[in-house]
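*Asks:* Same order as they appear, the protein sequences are chains A and B.
Counting from 492, one number per residue, gives the positions in the first sequence under the numbering used here.
Counting from 492, one number per residue, gives the positions in the second sequence under the numbering used here.
Simulated from the structure, these hints should not be mistaken for laboratory data.
What you are looking at is a predicted structure, and each value in this text was computed from that prediction instead of being measured.
Don't take every hint at face value.
Repeated chains share a single entry, so a pair holds when one copy, or any two copies, can fit it.
As the list claims (entries may be wrong) - The list that follows gives simulated cross-link-like pairs (lysine to aspartate or glutamate, EDC-like), each with its CA atoms no further than 20 Å apart: (1) K683 with E935; (2) K895 with D1058; (3) K820 with D1150; (4) K820 with D901; (5) K895 with E829; (6) K895 with D1163.
Residue strings, one per chain:
Protein chains: 2
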Amino acid sequence: MRGPGARARLRLPAFMLLCCAAPALAEEPAKARDYAIDPIPLTQTEIADGFWAPRLATNRDVSIGHAIESCRRTGRIQNFAVAAGLAEGKFQGRYGFDDSDVYKVIEGASHALRLAADPELDRQLDEIIAKIAAAQQPDGYLYTAGQIAEAAEAPYCCVSKPRWADIQGGHELYNAGHLFEAAVAHAQATGKRTLLDVATKYADLLTRVFGPGRNMAVPGHEEVEIGLVKLYRVTGKQEYLSLARFFLDQRGNAAGHKLYGPYSQDHAPVVEQSSAVGHAVRAAYLYSGMADVAALTGAEGYVAAIDRIWQDVVSSKLYVTGGIGATHKEEALGDRYELPNRMAYAETCAAIANAMWNQRLFRLHGDARYVDVIERTAYNAILSSVALGGDRFFYVNPLASDGKYAFNADRSTGRRPWFTCACCPPNVARFLASFAEYVYARRERDLYVNLFVAGGTRVELAGQRVRLRQATQYPWQGEVTIGVEPEHEAEFALHVRIPGWARERPVPSDLYRYLDGGGRPYTISVNGQPQTLELVKGYAVLQRKWRAGDSVTLSLPMPVRRVVSHDRVAANAGRVALERGPVVYAVEAVDNGGSVFNLVLPDDTELSAEHRPGLLGGVSVITGKALALFPSEDGRSVVTREHALVAIPYNVWSHRGEDQMQVWLPRRVSLDFQIP
Amino acid sequence: MRGPGARARLRLPAFMLLCCAAPALAEEPAKARDYAIDPIPLTQTEIADGFWAPRLATNRDVSIGHAIESCRRTGRIQNFAVAAGLAEGKFQGRYGFDDSDVYKVIEGASHALRLAADPELDRQLDEIIAKIAAAQQPDGYLYTAGQIAEAAEAPYCCVSKPRWADIQGGHELYNAGHLFEAAVAHAQATGKRTLLDVATKYADLLTRVFGPGRNMAVPGHEEVEIGLVKLYRVTGKQEYLSLARFFLDQRGNAAGHKLYGPYSQDHAPVVEQSSAVGHAVRAAYLYSGMADVAALTGAEGYVAAIDRIWQDVVSSKLYVTGGIGATHKEEALGDRYELPNRMAYAETCAAIANAMWNQRLFRLHGDARYVDVIERTAYNAILSSVALGGDRFFYVNPLASDGKYAFNADRSTGRRPWFTCACCPPNVARFLASFAEYVYARRERDLYVNLFVAGGTRVELAGQRVRLRQATQYPWQGEVTIGVEPEHEAEFALHVRIPGWARERPVPSDLYRYLDGGGRPYTISVNGQPQTLELVKGYAVLQRKWRAGDSVTLSLPMPVRRVVSHDRVAANAGRVALERGPVVYAVEAVDNGGSVFNLVLPDDTELSAEHRPGLLGGVSVITGKALALFPSEDGRSVVTREHALVAIPYNVWSHRGEDQMQVWLPRRVSLDFQIP
C-alpha cells in the first residue's frame, strides 16, 4: 500500500487499516457535515450466501469482462485513442454518451479490484485509462464524439456541435459525472491517480466554464452532480461541491438558461418540485444529487423536495418489481398510476438509479422504508436485467410478454449481449460490484442490518472492531441468525430491519396491498430470549452491551402472498401478483402448458412454495391448482379446466426461450381479448 | 381564357374547348410516346352520386379551406414570407418538408378551381403564391427551412444544413416535386403562370446542379421525379425528363453517392429491385415515377421491375382495406405477410401513393386488376382517413383499435384536425379533388368505365364527342346503367370493368380469398340483350357501333362476403373480414353492446345487408346472429351468448367516440387474451 503521504489531499480513514485487498482511497466525509449514516465499505463485507454470491461472482468473472470486451469491440475504447490522435478513424457508435459506458465499466471493475486482486484486469484498466488520459485536451476537456472531427457526419446532431453548444441534448456533463465516479473508484481500488488526475483536471475546467456570471446552463442529463460530490469528498475541493449545488439551484431558473421542461426536470426550481417527472434515469440521478448536496451543505428545501417526490413515486409510480419509468415514450415516468405491464419500460438504469436514490434517503433519514424499496428493486427489477450467465441483458423490463413483442432496445424479445445505446449492461455491472455496500450501514454507535445475506461484516464501532456474522437461507427461508462479535464488551445499538413485506405492505404506501392483510407475526430474539419491541423507523433496535458470542435470531414469516394494486392502476384491475419474501413471482409458458394468458387464479386457490435446487440456479417456485380457459372443440364456447400453476421468481424469467410471461394474473375470468 | 399564344411552349389539346370552368393548361403528352391510356380530364367528368358526391363537396367546401387555414395558422405560409424577407421571424414548424404541405393544398385547391370558379379561393392562392415566388432565391432555390437563418436552431438537423448537404435526409427535392405538381395544376386551373415560372426556374436550377458529372446524389424521399415529368409534359423541356430518369437510374448506384439503403429504396438499381421495401410513401412515389418515365422514354427494365414489385405488394403487403406500409417503425413496408391490425401503420399518404401508382400501371397495361386495387384503396383506406365533416384526419389507419392506444401521429386515438407532420390532410384533399380522374379512361377508340359512380363524362372519341351517363346506387347496390350518347353513330369499344371482388377474389393474388369461393354470376346486357363475353384483362369489352340512346346494364352480385387471409398472415389467423361490393366492414363497440373483442363470428352465421339512410351519412350495415363471450357470475368460467352483430363500413368508423373496433373477427372461439 502506498502511504497517504504521497497524496496529501486525500483523506484516509482509520478503518482502512482493517481490510483492503488493494491499496485504497477512501470516500469519506471531507467535512464534518455529511450523511448521518454511512454504508460499510465494500471490502469489509463478505457475501457468502447461495443467492447473491453466485450472481456477484458471475458479475466479477463474466459481466465485467464482457462489458470491457463489448466496449472494445464497438469502438468505445478506440474512440479515446482516435480523439488522442493515437489512431486514425472516425467516431464509432451513435451517441456522444458512449464514453460513459467505458467509465461505468471502469467503476465496476475497480470495485472488483478492490475486493480481489486481478493483475490482468488491473492491466486492462491501466491501458484503457492511458487512452482516456491521452484523449483529454490540454485544458481538461474530454468528449470523444465532439473531439473527433469525423463525428460531424454521425447521424446525431449532438456529436457535431462545438463544446457546450448543446448542454441540453448533449452529454458532456453526463459523461463527466461518470468519469468522476469511475476515477474515485479506481483510485480507491488501486491507489493510482491517473484517472483521478484526468477527472480533477476536467472538473477544474467545469468550474471555470460554469457558474454564476459564467455559463449558467444546467446539464440536460443529470449525473455530474453525483460525480462532483464524490470528487469533492476525496479532494476536499470546495469548488466541486459548489458547482454541483450551482447546477441544482439553476434547474428551473429561467434567468440562467432557456428551460428544458419536465423531461429534464427543468420546469421548476428543484426545491419547488413535488412529483417525479420526465426521463426516469435523469430524474433519479437528480434526486440522488440533491440528497448528496443536502447532506453536505444542509441546503434548504432539498430534502423536503425529494421527500415529496419520493412519496409521489412510491404511492403511484413504482412497479411491484421496484422498477420505475413506465413509458417507452421518452423513457419517462408516467402519470400517477400509469403502470402498464407489457408496455412497461422500467429501464434497468432507472431501477439502479432508484436504488441509489433510496440508499441516499436511508442515509439521510435512517428509515427502513427506503431499504424496503432498495430490497424490492435489487431482488426483482435489477436482478432480472442480467441473465444467470452474466453476458445477456435487458434494457427494458416488462412485467408481461407475449414472447414476440420486441420490447427491448434493438427490438429484441429476450436479453441481449449489448446495445447500440448500452447504458444498462455496465450500469448493472457496477451496481452488482458495489452490492455489498447495501447490506449494512453504521452511525456512531449504531449498526444497521439492512439486507439479509449470509456472510458478514466488520466495522470500527464504539472504539473497537466489531464483527457481524449472518447465517440465513434468505430469500428462500425467513430465518436469519446474526452473530455479534465485538473485540470487547461494548454498548451499541443493532438495528435489524423488519421488512415492510413482513409487516403489512409491499411498498411504503397504499399503491399495493396484501390480500391477506399482511401482518403475520415475525419474531426476534437475542441469545434465545424473544424480544418484544416497538419498531423504530422500521427497525428492531437492540440496544445493549454486546459480548462476543451474542446471537440475534430473526424469524420472518414466509407465506406465499397475493398482492393487489390500488384501484387506479388500470393495468392491474382485477389482477393479483404473487410474492414470497422479497421475491416477486411470474408465470412463464414453459411451466404452464405453453400459455399463460388463459390462466385465472381465483382467490381461494391454495398456493404453496417448493424449493427446486435444479431449476434456474436453484429457486423456490409457487404452485397451486388454478384455472385455465380453452376453446371448446366446436369453437363456439370456452371450457374451464383445473390447471397446475407454476410460478417462478420474476428475476430469472426468460431463460428458457422467448414465450409468454406475466406477473399479474386475473383473479376472475375476464375477457380482455388481445387485438392482433 | 388567355390564348395559347401567350405561352408558346404549352400544349393545349382539343378537348379543352369542351369544358373548363376556368382557363386551363393541359397535361398532355409532350411527345408521341407516353402512356397508352389517358384518364379523362377532371372537368369532363361529373360525379353525381349519393356516395362520392357529398364527400367531394365536403372536400371542396371544408377540407381545402381547412388545410389552407391550418397551413396559415401553423406558420407554413408565413415561412415563405420570412424566407422572402417580407416578414421577420424564425422558421415555424419542425420539418423542412412543411413547405410541401402548402404545395399540396395549392394542387388540391387548383383542382377545385378547375371544376368551379371560386374568386375567393383564387385570390387566396394568388396571395400564397406571391409569397412563394418572393421567397425563391435569384437562382431558383426554394426551401424555407434552409433559407431562414434562425432555422439553424430548429430541433432537426436537416433544416440547418447548407443547400444539398443532406439530399438523403433533407427534403429539398421532395418539396420541389410537390411544387412542380402544384404549379402544373394551378396553371391548368387558372392559366396563371406565376407558380409555373417559380417551378421551371427551380427545375432549371436542379438540371444545373444534378446530373452526370455534377452532383450525382439522388433524393432520399422520392417525389421530384413525378413533378419533373409533369413539368416536362407542359413545357416539353427534355432536360426535366432526363433529370427524372437520371435520379431513377442513379438509385442503387454506389458510384454516384453513398447508398442510403432499403429505407429509401436505394439498396440496388431500380431495374433490379423485386420487392417493395422501406418507407411506404417513398416507395410508391418511386414506383409511380418509374412508370411515368417508362411511359415517356421506354426505359428498359422499369416496367418489369415495377411489375415484380407490384406482385410482391398485392401478394403479401396489401391490407384488405387497400392500405400499404404495415410498420410504425420507419413508416415502412413490412416483411411479406406482416400485416398487423392494431399496430398497422397504413399511412394515409401511402394509400394515396398506392392509388397513384396503380393508376399508372393501369395506364401502362390496361388491366382492370390495377383498378381493383385503386377501388379497394379509395373506398376503404383513403376514405376512412377523413371524417365525414371534412376537417378531421387519420394519419395512421389501423384495422383494429381498443379505443385507447394512441396509434395516430400526435398520439391521438381519433381523427385530428392537423399534425405536426402534416403530409396526410393536404394529400387526401388533393386526392379527393382529383378523384374524378379515376372513374373513366380512354385510348384512341377505347373508352374505359373503371369505377361505378352515378354521373357521367364526355370525351372526344372516334372523331366526335361522346357522352356517357352512369346511373347506379353503387356501392350499396350492384346495378349500373351506362347510357352511351355519341353525337353520331360511331364504332368504339366500351370497356366495362368487372371488379375482381365480383368475380373470384378480393385482390389480384391469393393474399385474400372469399370463403364462399366468390364467382357468383354478374350479368351485362346492351339495350336489354344479355351479353356473354370472355373478359379481356378484367373488362367486358363491348365493341360495336354505338348510337345515341344505347344503354348498357351491369348487374354485379352484392352478397355479404366473408374474406379470409393467406395462412401466413399471422394477425388474421382464424379470422374473417366482411365485405359487400367494394366496401370493407368493421365492427364498432357502439353498435355491439360496448365491446367487440369478445365477439365470435362462426362460418354458419347468416349475414344480411340493410341500408340505414340515417346512419353516418347513409350506409348499408351488415347484421347477423353471432356469438359473444362473457365471464360467468362467479368469475370461474365463460358464458357464450347469441349476439346481434352489426358491422358498418370501415370507411366511416370512429365517428361516434373512441372505442373498440376491428375488421377481422374470429371464426371460432380463440383465447388470445390481451396483455395489460
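*Asks:* Using 20 Å as the alpha-carbon threshold, which applies to K895 and E829: within, between, both, or neither?
*Replies:* Between copies only: 13 Å across chains, 23 Å inside a chain, cut-off 20 Å.
*Asks:* Indicate which option fits the pair K820, D901 if close means a Cα-Cα distance not exceeding 20 Å: within, between, both or neither.
*Replies:* Close inside one copy (15 Å) and across copies (12 Å); limit 20 Å.
*Asks:* Go through the copies and call it for K895 and D1058: within, between, both or neither, with a Cα cutoff of 20 Å.
*Replies:* For K895 and D1058, only the inter-copy Cα distance (18 Å) is at most 20 Å; the intra-copy one is 29 Å.
*Asks:* How do K820 and D1150 come out at 20 Å by Cα distance, when the copy is not named: within, between, both, or neither?
*Replies:* neither (24 Å within a copy, 23 Å between copies)
*Asks:* Pop the pair K683 and E935 into one bin, within, between, both or neither, using alpha-carbon distances up to 20 Å.
*Replies:* neither (30 Å within a copy, 89 Å between copies)
*Asks:* If the cut is 20 Å between Cα atoms, do K895 and D1163 qualify within a copy, between copies, both or neither?
*Replies:* This pair counts as both: shortest intra-copy Cα distance 18 Å, inter-copy 13 Å.
In this structure, the earlier hints numbered 1 and 3 are contradicted, and the remaining ones agree with it.
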